[in-house]
Structure formats: structure tokens, C-alpha cells
Amino acid sequence: MSASTVAQPSPDELVVVKHLTKRYGDGGGLFRKPRILNAVNDVSLTMRRGESVALVGESGSGKTTFGRCLLRLVEPTGGTIHFDGVDVLALRGQALRRFRRRMQIVFQDPSGSLNPRMRVGPAVREPIEVHGIARGAESRRRVESLFDEVGLNAELYDRYPHELSGGQKQRVGLARALSINPEFLVLDEPVSALDVSVQAQVLNLLESLRRRRGLTYLFIAHDLAVVRQIADRVAVMYLGRLVEHGSSETVYEDPQHPYTTALLSAAPIPDPGAASVRITLTGELPSPTDLPPGCAFESRCPNPKKDERCRTERPELEAKSAGHEAACFYPGVRLGKDDRERSRSPAH
Amino acid sequence: MTPVLSVSNLTTHFHTADGVVRAVDDVSFEVAAGETLGIVGESGSGKSVTALSILRLIEQPPGWFGPKSRIELDGQNILELSSKELRKIRGAEISMVFQEPGTSLNPVLTVGYQVVETIRAHSKISRSEAWRQAVQLLETVGIPDAPLRARDYPHQMSGGMLQRVMIAIALSCKPKVLIADEPTTALDVTIQAQIVDLLIDLKKKFGMAIVFITHDLGVLARLADRVAVMYAGQIVEHGTAAQIYGEPGHPYTKGLLTAVPRVDKRRGELAGIPGSVPAATAWPAGCRFHPRCPSRLARCDQESPPPCVIGPGHTADCWLHTESNEP
Chain C
24 MSASTVAQPS
34 PDELVVVKHL
44 TKRYGDGGGL
54 FRKPRILNAV
64 NDVSLTMRRG
74 ESVALVGESG
84 SGKTTFGRCL
94 LRLVEPTGGT
104 IHFDGVDVLA
114 LRGQALRRFR
124 RRMQIVFQDP
134 SGSLNPRMRV
144 GPAVREPIEV
154 HGIARGAESR
164 RRVESLFDEV
174 GLNAELYDRY
184 PHELSGGQKQ
194 RVGLARALSI
204 NPEFLVLDEP
214 VSALDVSVQA
224 QVLNLLESLR
234 RRRGLTYLFI
244 AHDLAVVRQI
254 ADRVAVMYLG
264 RLVEHGSSET
274 VYEDPQHPYT
284 TALLSAAPIP
294 DPGAASVRIT
304 LTGELPSPTD
314 LPPGCAFESR
324 CPNPKKDERC
334 RTERPELEAK
344 SAGHEAACFY
354 PGVRLGKDDR
364 ERSRSPAH
Chain H
915 MTPVLSVSNL
925 TTHFHTADGV
935 VRAVDDVSFE
945 VAAGETLGIV
955 GESGSGKSVT
965 ALSILRLIEQ
975 PPGWFGPKSR
985 IELDGQNILE
995 LSSKELRKIR
1005 GAEISMVFQE
1015 PGTSLNPVLT
1025 VGYQVVETIR
1035 AHSKISRSEA
1045 WRQAVQLLET
1055 VGIPDAPLRA
1065 RDYPHQMSGG
1075 MLQRVMIAIA
1085 LSCKPKVLIA
1095 DEPTTALDVT
1105 IQAQIVDLLI
1115 DLKKKFGMAI
1125 VFITHDLGVL
1135 ARLADRVAVM
1145 YAGQIVEHGT
1155 AAQIYGEPGH
1165 PYTKGLLTAV
1175 PRVDKRRGEL
1185 AGIPGSVPAA
1195 TAWPAGCRFH
1205 PRCPSRLARC
1215 DQESPPPCVI
1225 GPGHTADCWL
1235 HTESNEP
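The listed protein sequences correspond, in order, to chains C and H.
Under my numbering, the residues of the first sequence are numbered 24 to 371, in order.
Under my numbering, the residues of the second sequence are numbered 915 to 1241, in order.
Please note that a few of the clues may not be correct.
One side only, chain H facing chain C, incomplete, derived with CB under 7 Å [unchecked claim]:
| hint | residue |
| --- | --- |
| 1 | S957 |
| 2 | T1017 |
| 3 | A1107 |
| 4 | L1131 |
| 5 | A1156 |
| 6 | Y1159 |
| 7 | E1161 |
| 8 | K1168 |
| 9 | L1170 |
| 10 | R1176 |
| 11 | E1183 |
| 12 | L1184 |
| 13 | G1186 |
No more than 16 Å apart at the CA atoms, straight line, and that leaves these computed lysine to aspartate or glutamate pairs for EDC-like [as the list claims (entries may be wrong)]:
| hint | chain 1 | residue 1 | chain 2 | residue 2 |
| --- | --- | --- | --- | --- |
| 14 | H | K1179 | C | D255 |
| 15 | C | K41 | C | E339 |
| 16 | H | K1090 | H | E986 |
| 17 | H | K1179 | C | D313 |
| 18 | H | K1179 | C | D294 |
| 19 | H | K1179 | C | D277 |
| 20 | H | K1088 | H | D1139 |
| 21 | H | K1038 | H | E1014 |
| 22 | H | K1179 | C | E276 |
| 23 | H | K1168 | C | D294 |
| 24 | C | K56 | C | D313 |
| 25 | H | K1090 | H | E1007 |
Worth flagging that the hints you see were computed from the coordinates, not collected in a lab.
Model, not experiment: these values are computed from the prediction.
For every residue, glycine included, the Cβ atom is placed at its ideal position computed from N, Cα and C.
Given the sequences, and given the hints that come with them, work out the whole structure.
In C-alpha cells form, the structure reads like this:
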């Protein structure tokens, strides 16, 4: 298959992912069936140019695996990924390398992703020279302007990573990712290792970089408050599947899937007077290697309407309004509504 | 209310190859029975060293307590106890829950056994009676099928369940004070909310005082009665939760509150705080926050500000408030 086999892309769709699946498994034992884990299970998601899409979920939801599949850091088991019309999974060798210039990843732990024995300036310079974008004095000049762009003092050029603070290291990680002028960034929990005051600086920086450079983001995070701050659209994953997807505004204000509702109600708000609608999830998570045939969330679902169908049949994503989809047979049920009214009443 | 735990002028320093690390400098606070004091701060603020100091879990040397430091539990100064007396108190009158439940438990013993171990260390009861109590405790902290799950090894339990076990161990001798150091940080949001609810319930049931240490202003808002904000080894503001969140007086507290994104509303550009936390080997002179402070005055880099009363039970260490309110 050649790299130009293309599904007709809409011009503003930069990354189109369809039915992406990543399966891990062992071969089983003499008396044991193989164990299969669908880390990402039939997930479709489109990122438009200049847009910031957040993928949220708790640990084990598959959000990180999804992000790595997009860059082919992990080879997906099934599905398709088109980047600007190019079939990413068909790329090999040189073509794959050229393509990787266009998409980059920034990791959570800035100290883990920088070489401890390499000064940070040369670390940012390396990809520029590897990809043959510039050499010598010109590449150094580029690094200095990148440092300036991400808010790093040029004097830090000759420092080692351990001499920098967490926020500075994350800025180096960003400068390195931006050094080859990518169009698309996968940001995998880029601020969760940072202190609150520094986190705010980095979030603001990400937002201004996106505007200035017209970047497209896939922002992977577990912190719903951070996501609200940065995302245009939100996709919620649970045990490998997409359960809800829509614009930030609709997902936060009018969540349809009971898991999203529970997740939002559990997110702490820095205000002792905030009305709290608590939805306590009980029940155990099913084993990810042995998911039930129905909805994976059924065992913990607080929705009073849940029934036999939820246990036996798997709900597919269905549009609830324009651009807002949820995979639930009984979506949009207001959970813990009474609580909300009770806790708000003293204010009136 | 008489405080059950009273910390005054606590100073904990470490001698290291890079010089003296002044992790905690002259910190004072009190907690009463049935009260939750939240200590909030960023990394390097000294909040965890404060927690460890209370239980004297600081190795000496390199650790060193200042001569004026006092940590009084019911009037008894913990810093003056012999190691034998200290062992009697730890786990029985004052206990601690840590961030990583997985690393605090012994992987080769069942969780039930580890609860029994703590109970039997402090009271002379039979093994079977202790096991019965252990199972009951595991039920109290919300472990389903406790009689069965008590026989599980730590690796058979999820992170949330392990933290419940840790809380059961901490409460096994009905302590007067529970110190919780980032107990929910390693957990997923939905589990985090459950653990916070559990602590609120248990406090009602057992009536102990809780010192809750965290970097997360959101989690703290849910359970703290009073809040102490730490920066660079010192408490810079102290007040009721309503005062700290509603009328913060210190520019650092204000900065923190405007830096936190909120799930219930999208904020415009986050204000944040410029710069980063200084190193503990070289705190800035004067007010330690002055290099990052948006409202600093001429004297701020010279003299360190005294605590100023800015409301009933509300103090902030900031020169902005000194003119009218010096105590």
C-alpha cells in the first residue's frame, strides 16, 4: 500500500483515527486460555487543525496507549490513522521518519525524558540537526529563539537537566518537541508533575504556543479541571473505550454518560462553599482482561435505570446533540440531583 | 477547645553536603480533637518534613531540631521522649497515613495480619481477638467482604483498597491524632473522593484530630476546618477554611488560588505565580516570597514580616498588613 492511499479528507481534519485497537496478550498456558487485554478498543477520534482535544480517563483507561499509537511509538493492532490524508500505518523507513517531523510528543515526567548527561541546549539542538533543518551557528540561533519562545533564559543553554526546576525541564521538553516545527503535539500529562503555581505558567504557555503557531493538540490528562482550562473538545475513556465525546462546554455542563457525571462530581473544587453533588461509585472494576459482554461501566454504574440490556449488550457511541456523543443506553440521567438542591438551598 | 496536639517554634534542619537545609523554620500550630487542620504547600515547602517531625521520624543526624521546638501531645513534649516512650505513642496515640499505600505495606504478609500486628503491639489481647478486631476495622473503612479480603496480600488489592487498609492500621489503636501525608495523591479521582469521604466519616466516628497534608487546594476544601499555608519552610497564612479560600490575606495564598484551574468553570488566562520555589539551602532574605511577589514593598527584601492578625483566628505573615494590625 502506498503512502498516498487516501480517504478523502476534509481540509480542516488533521488527524483522523478510525476504530483504533491495541491488544496485548500472552499465549496462555498449558491449561489456561490466553489473557487478552484490549488497552484501546475500537476508538475513533478526529482532531481538526488548530484544535485542542483532550483525552481524559483514570489509570488503565488506555489514554496513553492511544496517544502513543498515533505516533507509532506503539504499533496498533487494528484500525486506521490518517494524518493530513496520509495513511500513517502504511509508512515505513524514510517516509515514517519524515512524517515524524510533523508530530511530536511531550511526556509527563520531564526528568525522565531528558538525557541526564546532555546539556539542555544541545538536547534541543539535536533534533534540528538530525532532521537536517539547520546546522552550526544557525541551529544554535534557532535553539536560542526556541528558549525565548518557551520562556527559558538563554543562560540555561549549557546547564544539565538536574540543575533545572521541574517547570524549566518541562519547558525544555516543549522546546525540543517544537524544534522541528511540528504541526501536531501529543501532550501526555504535561503538567501533572508540576506544582500548582508552575502548572498555571505551563498551561498558559501551551495555550499561547497553540495560538501563535497554529498547533493542534491531543492533550492526555486525568485532571478534569486542567482539561477544562485547555480543551476545545473532550473525549472520555473508560477501560479502553470511548464513552463520551463532545465540546468542552457540553461535556462539562451537560454530561450524558453516568461515568462522566461521576468523574466530574468527584473532581475537587478549591472552594469550601462550592455546591457538591457527590455520586459515590461503588462496585468493583471488572478485570480489564475479562470484560463483561455488556457495558464495561455497568458494575459501578449509579444510574437507577440500568437493566439487563446494559449487562448483555454493548452500547455504541450515539449522537445526543450535534457533535456530542455518548455510549449509554440511558444517557443524560441527572444523578444525585437531590443532593445538589439540598446543598444549594441555604444559599437562597 | 483545648488542643490535643500543639506544635510550637518547630525548626527542623538537615546538615548536607550542600550546606544546611532549612526545611522547616519556626512553625507553630495546634489541633483540637475532632478538628481537621490542613497544611497546604508546594514541593519543597516543608509540609512533609513537618509531618515527619511530629512523629520524630527524622533521622538525627543529619536532621536537627531547633532548641525552642516543642511538639506537645496532651501536654507531653514528644521531642523529649526516650525511644521506648516514643514507641508507645507512635501508632497508639498518634499515627500516620502516607502517600503510597503500596510501598508502606509488607508484600509478603496478608493485610489482616498487618492490622493484627499493630493492634498486638499496643494491647495485650489474643491473636484471635485481634483478628476479630482487625476484620471489624477493615469493615469500618469500607472494605467489602472484609473477613475474606483480610486474607489477601497487598498485590491482590487496588490502590484505593490499600489506602483503606493503611487507614485501618492507623486507626487500629484509636489514636488521638491522625497525620495524613498526601493520602489521596496517588489515587484516581473517583477513588480519591471516596477516601476523603471516608476520612470525614471516621473523624465523626472516632473523634480524632486530623492533620491533613497536601498540595491540592481542591481536596483540602472538602475536609479542612482550618488551613495553614506553607511556603519555603514557614507558615505564611493561617485561618479557617472559609477565610483562606474566601479572603486570603497573603499574596502567595492569593496567587495559589488564582493558579488552580477549576472544574466548575473555565477561567480566562490563569494568573499563576512567576518564578519557582527557591531551594532550601538558600532561602531569599527578608520575606521568602518577595522575589515572586506582585505586591512587594521596599522593606520586603530586608526584614521578614511578623504574623499579623487580619481577622478572628486569621493571620498572615506579610508587610502589607502590618501597619494597622501588628499583634
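Flag every earlier hint the structure violates by its number, smallest first.
Numbers 2, 7, 8, 17, 20 and 21 - these are the hints that the structure violates, sorted from lowest upward.
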